[in-house]
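Participant: Can you build the whole structure from these sequences, using the hints too?
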Amino acid sequence: MPTKSSTSKIITALFLLAILINFIFFFKGNNYLITSMLIAVFSCLPFYYKYERRKPEAREIIVVAVICALAVVSRLLFAFLPGFKPIIAIIIIAGAALGKESGFLCGSLSALISNMFFGQGPWSVYQMLIWGLIGYCAGLLNQKDLLDKPVIRYSYAIICGILFSVLIDFLTVLGSGFTMAKYIALLIPALPFMAYYAISNVTFIFFLYKPFMKKLNRVKLKYGLVDEQYRV
Amino acid sequence: MREFKTFHPFVNLLYFVAVIFFTMFLTHPIFLILSFITSLIFLIKAVGLSEVKSKLLYLSVFFIVLALVNPLFVHKGATPLFYMNGNAVTLEACIYGIVFALMLISVIFWFFSFNKIMTSDKIIYVFSTFMPTIGLMISMILRFIPRFQTQLKKIIEMNKIGDNPYKSKSIIRRLGVIFKTFSILVTWAFENSIDTANTMKARGYGLKNRTTFHLYKFELRDIIFIVFIVVNLLLNIYLYFSLNMRFYYYPEISPITIDLGSIINYLSYFLLLLMPIIIEIKEEIRWKLLLSKI
Numbered sequence: 058m059p060t061k062s063s064t065s066k067i068i069t070a071l072f073l074l075a076i077l078i079n080f081i082f083f084f085k086g087n088n089y090l091i092t093s094m095l096i097a098v099f100s101c102l103p104f105y106y107k108y109e110r111r112k113p114e115a116r117e118i119i120v121v122a123v124i125c126a127l128a129v130v131s132r133l134l135f136a137f138l139p140g141f142k143p144i145i146a147i148i149i150i151a152g153a154a155l156g157k158e159s160g161f162l163c164g165s166l167s168a169l170i171s172n173m174f175f176g177q178g179p180w181s182v183y184q185m186l187i188w189g190l191i192g193y194c195a196g197l198l199n200q201k202d203l204l205d206k207p208v209i210r211y212s213y214a215i216i217c218g219i220l221f222s223v224l225i226d227f228l229t230v231l232g233s234g235f236t237m238a239k240y241i242a243l244l245i246p247a248l249p250f251m252a253y254y255a256i257s258n259v260t261f262i263f264f265l266y267k268p269f270m271k272k273l274n275r276v277k278l279k280y281g282l283v284d285e286q287y288r289v
Numbered sequence: 007m008r009e010f011k012t013f014h015p016f017v018n019l020l021y022f023v024a025v026i027f028f029t030m031f032l033t034h035p036i037f038l039i040l041s042f043i044t045s046l047i048f049l050i051k052a053v054g055l056s057e058v059k060s061k062l063l064y065l066s067v068f069f070i071v072l073a074l075v076n077p078l079f080v081h082k083g084a085t086p087l088f089y090m091n092g093n094a095v096t097l098e099a100c101i102y103g104i105v106f107a108l109m110l111i112s113v114i115f116w117f118f119s120f121n122k123i124m125t126s127d128k129i130i131y132v133f134s135t136f137m138p139t140i141g142l143m144i145s146m147i148l149r150f151i152p153r154f155q156t157q158l159k160k161i162i163e164m165n166k167i168g169d170n171p172y173k174s175k176s177i178i179r180r181l182g183v184i185f186k187t188f189s190i191l192v193t194w195a196f197e198n199s200i201d202t203a204n205t206m207k208a209r210g211y212g213l214k215n216r217t218t219f220h221l222y223k224f225e226l227r228d229i230i231f232i233v234f235i236v237v238n239l240l241l242n243i244y245l246y247f248s249l250n251m252r253f254y255y256y257p258e259i260s261p262i263t264i265d266l267g268s269i270i271n272y273l274s275y276f277l278l279l280l281m282p283i284i285i286e287i288k289e290e291i292r293w294k295l296l297l298s299k300i
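As they're listed, the protein sequences go chains R and F.
At position 57 of the first sequence the residue is numbered 114 (my numbering), and the sequence of numbers has no breaks.
At position 24 of the second sequence the residue is numbered 30 (my numbering), and the sequence of numbers has no breaks.
No lab work stands behind these hints: they were computed from the structure.
Incorrect hints may have been included.
Cut-off 35 Å, straight-line C-alpha distance, at most; resulting in silico cross-link-like pairs (DSBU-like, lysine-lysine) [what the hints assert, rightly or not]:
#1 F:K166 with R:K272
#2 F:K207 with R:K279
#3 F:K51 with F:K166
#4 F:K175 with R:K272
#5 F:K159 with R:K279
#6 R:K267 with F:K166
#7 F:K288 with R:K277
These numbers were taken from a predicted model, which means no experiment stands behind them.
Facilitator: Structure below.
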């Protein structure tokens with residue numbers, strides 16, 4: 058269905074263009090915070106829209122829902138180690154096993170729902186986009202089975218651990234007028250956290266990747282979920 | 007905020023989107039102070055004074071850090087206060103730091119209230135009107151979570167037999183048993199949910215001409231509220247641009263204008279923010295009147 062996906066692409070492109078034109082003429086180049094937030098919202102929509110148009114089967118929906126619920130519940134299981142959470146690892150695995158579209162949904166819906174329990178905030182929108190993209194890129198990488206190579210897998214996990222705080226700090230600084238010095242001043246106290254997240258991601262990928270992949274592949278076979286290229 | 011909560015979900019959403027958008031868009035200090043005050047009143051009304059107090063400590067730390075970062079690293083501005091390492095700390099940068107911190111704090115306050123008003127059922131409803139599949143997924147996830155938690159408890163109880171490995175002194179043994187628990191949960195979750203998938207299929211999920219059910223009705227007051235918000239938004243945007251209310255902090259702080267037009271602008275913005283609180287107070291008075299009649 059090439060026409061359908063290209064319509065959604067055109068719509069998104071028009072939206073983004075409209076936001077940028079607004080940003081330049083209406084806000085006169087100020088208000089980065091709103092602009093970036095709007096762009097984050099409108100970048101999420103085409104993924105949802107595409108999934109919606111495909112009219113997925115009940116089984117596909119259930120698998121994604123189960124993974125999201127597991128991601129949220131896992132946060133409770135590891136609550137005794139603060140900050141040490143397997144959510145990102147689960148999203149990476151979901152993207153690798155189920156493909157990029159389901160990976161995006163797993164990531165962004167886990168962000169939305171875990172924020173329903175732990176509190177929504179201005180960061181929710183960015184979190185939905187970033188976690189979604191983490192799942193999407195995992196799916197993209199695994200199209201050629203790249204994540205089966207340990208080096209790529211672990212470096213991807215490390216990048217994902219660092220990415221979130223780097224981007225959120227960038228957006229915070231952007232809101233009040235960007236200077237490199239201010240950005241670095243905010244990043245330095247965040248460094249230990251980044252290292253911590255990267256270590257926790259690598260640990261979880263180390264322990265969870267193989268068993269979880271095995272389980273998911275078995276589920277795929279049993280539920281009759283095949284890869285995207287076989288889908289009509 | 008009992009009364010505002012009973013409004014249609016789209017009304018709640020529109021109000022919060024409008025308010026949060028304006029709080030982030032208008033950097034004028036008077037607009038920001040109005041938004042901050044209202045967000046605080048709204049939050050106290052929504053969650054109670056004691057819960058707000060418990061959050062105040064870390065929010066004030068956050069506020070101070072944000073307000074300090076700007077003057078320390080931005081040296082724009084016309085009036086230097088003092089010099090530090092050869093760099094000027096300017097009045098403008100100090101004030102902009104405070105204003106920016108105030109804005110972020112008000113947005114966070116609005117989001118706290120958003121969490122109280124937009125409960126998960128309303129978010130599902132909003133999603134499902136535009137994207138039924140995503141809405142269905144969210145509602146399923148919200149059902150699965152308590153179900154998995156119950157199962158998790160059962161698995162943990164089972165594993166506790168013998169010497170309790172969850173309280174073991176060696177952290178490796180403890181982590182090992184937790185990973186084992188998680189693995190059991192994952193297998194169980196997938197095996198169990200295949201029933202749900204089969205049931206959905208058997209009951210005709212995805213067929214044409216199926217109806218849906220929800221509890222929300224669009225009433226007259228919802229329409230009035232939406233019309234009020236839209237008219238107020240348009241008025242505010244018109245006044246803002248026709249009076250040229252844009253506020254500049256660099257290189258010099260622009261003066262705060264107080265004339266008829268700008269006062270109308272402040273008041274209409276304040277009214278937009280206050281509307282749910284006014285509705286709430288009106289209902290409280292009505293309730294007391296009804297009580298006094300008994």
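Participant: Hint by hint, note whether the structure agrees.
Facilitator: Going through the hints against the structure:
Straight-line distance between C-alpha atoms of K166 of chain F and K272 of chain R comes to about 25 Å, which keeps the hinted pair within the 35 Å bound. The suggested pairing of K207 of chain F with K279 of chain R holds, with an alpha-carbon distance near 16 Å, which does not exceed 35 Å. Restraint check: the Cα-Cα separation between K51 of chain F and K166 of chain F comes to about 45 Å, which exceeds 35 Å; the hinted pair is violated. For the proposed pair K175 of chain F and K272 of chain R, the alpha carbon gap of about 31 Å is at most 35 Å, so the pair holds.
Restraint check: the Cα-Cα separation between K159 of chain F and K279 of chain R comes to about 27 Å, which is no more than 35 Å; the hinted pair holds. A hinted pair counts as satisfied when its Cα atoms are at most 35 Å apart, and K267 of chain R with K166 of chain F qualifies at roughly 26 Å. Distance hint between K288 of chain F and K277 of chain R is unfulfilled; the C-alpha atoms sit about 57 Å from each other, more than 35 Å.
Going through the hint list in order, the structure does not satisfy hints 3, 7.
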